[in-house]
Amino acid sequence: MNLEQQLKLQAFLDGELPEREAREILAWTQRDHEAAALLAELKDTRQAMVKSEPHLSVPESRAFFWSKIEREIQRLEPQTTPAPDVSIFTSLRRFLLPASGVAALVIAGLFAHFNAPKVVVESVADADTSSVETALANSDATTYRDASEGTTLVWFSSAADDSPAQNKSPAAIN
Amino acid sequence: MSGKNYSSTDDEALVKAARKGELAAFEELVFRHRDPIYARAFSMTRNEEDAVDLSQEAWIKGWQRLRQFQGESSFTTWMTRIVINLCLDHLRRQKRHRADSIEAMDDESGGVERQMHVVTVNPTAGLERAELRKKIDDALGQLSAEHRTVLVLHEFEDLEYKEVAKTVGCSIGTVMSRLFYARRKMAALLAEMRKEL
Numbered sequence: 000m001n002l003e004q005q006l007k008l009q010a011f012l013d014g015e016l017p018e019r020e021a022r023e024i025l026a027w028t029q030r031d032h033e034a035a036a037l038l039a040e041l042k043d044t045r046q047a048m049v050k051s052e053p054h055l056s057v058p059e060s061r062a063f064f065w066s067k068i069e070r071e072i073q074r075l076e077p078q079t080t081p082a083p084d085v086s087i088f089t090s091l092r093r094f095l096l097p098a099s100g101v102a103a104l105v106i107a108g109l110f111a112h113f114n115a116p117k118v119v120v121e122s123v124a125d126a127d128t129s130s131v132e133t134a135l136a137n138s139d140a141t142t143y144r145d146a147s148e149g150t151t152l153v154w155f156s157s158a159a160d161d162s163p164a165q166n167k168s169p170a171a172i173n
Numbered sequence: 000m001s002g003k004n005y006s007s008t009d010d011e012a013l014v015k016a017a018r019k020g021e022l023a024a025f026e027e028l029v030f031r032h033r034d035p036i037y038a039r040a041f042s043m044t045r046n047e048e049d050a051v052d053l054s055q056e057a058w059i060k061g062w063q064r065l066r067q068f069q070g071e072s073s074f075t076t077w078m079t080r081i082v083i084n085l086c087l088d089h090l091r092r093q094k095r096h097r098a099d100s101i102e103a104m105d106d107e108s109g110g111v112e113r114q115m116h117v118v119t120v121n122p123t124a125g126l127e128r129a130e131l132r133k134k135i136d137d138a139l140g141q142l143s144a145e146h147r148t149v150l151v152l153h154e155f156e157d158l159e160y161k162e163v164a165k166t167v168g169c170s171i172g173t174v175m176s177r178l179f180y181a182r183r184k185m186a187a188l189l190a191e192m193r194k195e196l
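Same order as they appear, the protein sequences are chains A and B.
Counting from 0, one number per residue, gives the positions in the first sequence under numbering that gives the first Met the number 0.
Counting from 0, one number per residue, gives the positions in the second sequence under numbering that gives the first Met the number 0.
In case anyone wonders, no lab produced these hints; they're calculated from the structure.
There's no promise every hint is true.
To be verified - When the alpha-carbon atoms are kept at most 27 Å apart in a straight line, the in silico DSS-like pairs for lysine-lysine are as follows:
1. A:K50 with B:K3
2. B:K60 with B:K161
3. A:K67 with B:K60
4. B:K161 with A:K67
5. B:K194 with A:K67
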């Protein structure tokens, strides 16, 4: 009998084999005396064990045994006291507080974005002139930049006064 | 602590009270179940002092993890799993410090169990319960820690092969061969004890 057969015999005893294999092992033990003897030995040992677990008692008094446990629990108390049960509302509130903060920040961000002065870049010249004119929307400044001249002109004008060009006061920055 | 008397309270209510921080309720649980938890630690370590320390450690862990106990098994079963894991850690630590490692013994014993003579007469037949327990206990003490562990988990804890493998952290094949060796060795030891009578 090889080890694999012996282990199968044991698995049969422990009810760990599929039904078909269990039937094969049973048939084998009925015609093989060696297998039957080993199965009987394993069975006797298992039965003796199962009903004979030694009953042991802690070799210390209740108070002495407990005192060490209590001391250790109290030492660890701040970290280990089981947390009180938390209601669903409390859990929800814990989640909602930071979530509402984030939402407020997002709203503030969106508000700032849509109300900020828009920068409109108008390309008023061809690429070969290498000059760019920009106007800040909702503001009263217009900038003209001529790269070849190395000159930048900025016009400031009153929003109420949108037509007369003479009201604009240019400033040159070189 | 409230000083309340919990002696007639059932385990479930005690666990509930202990979860709320009632140390007196937890003390009652310790008092009720300390013996089987200690017995399991002793059956695995075979050392009284270690078994007391490990079972106390298990109770402290039990207190710390009370919220994880969902009541799928009995409180004792849950506590037994804790003490078994602590014992396994303890045995692993011991093994690291020992020259005669159990793994090495396993390798050495490969095939030994197959050469043992089959015990044809049941060595425990006709023994009184107390006498049988004593013999089983003595024989268990002569097994290596790893063979004993597998035997204890399978026979006393009634775990299936795959559960033993998961608990111990080895393959099902290893569990099967360790269990086979342990049983054959037990049979031989019990037969020897019978002869000595």
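Hint check:
no. : hint              : verdict
1   : A:K50 with B:K3   : violated, 38 Å
2   : B:K60 with B:K161 : holds, 25 Å
3   : A:K67 with B:K60  : holds, 13 Å
4   : B:K161 with A:K67 : violated, 36 Å
5   : B:K194 with A:K67 : violated, 45 Å
Checked against the numbered hints above, the structure violates hints 1, 4 and 5; every other hint is satisfied.
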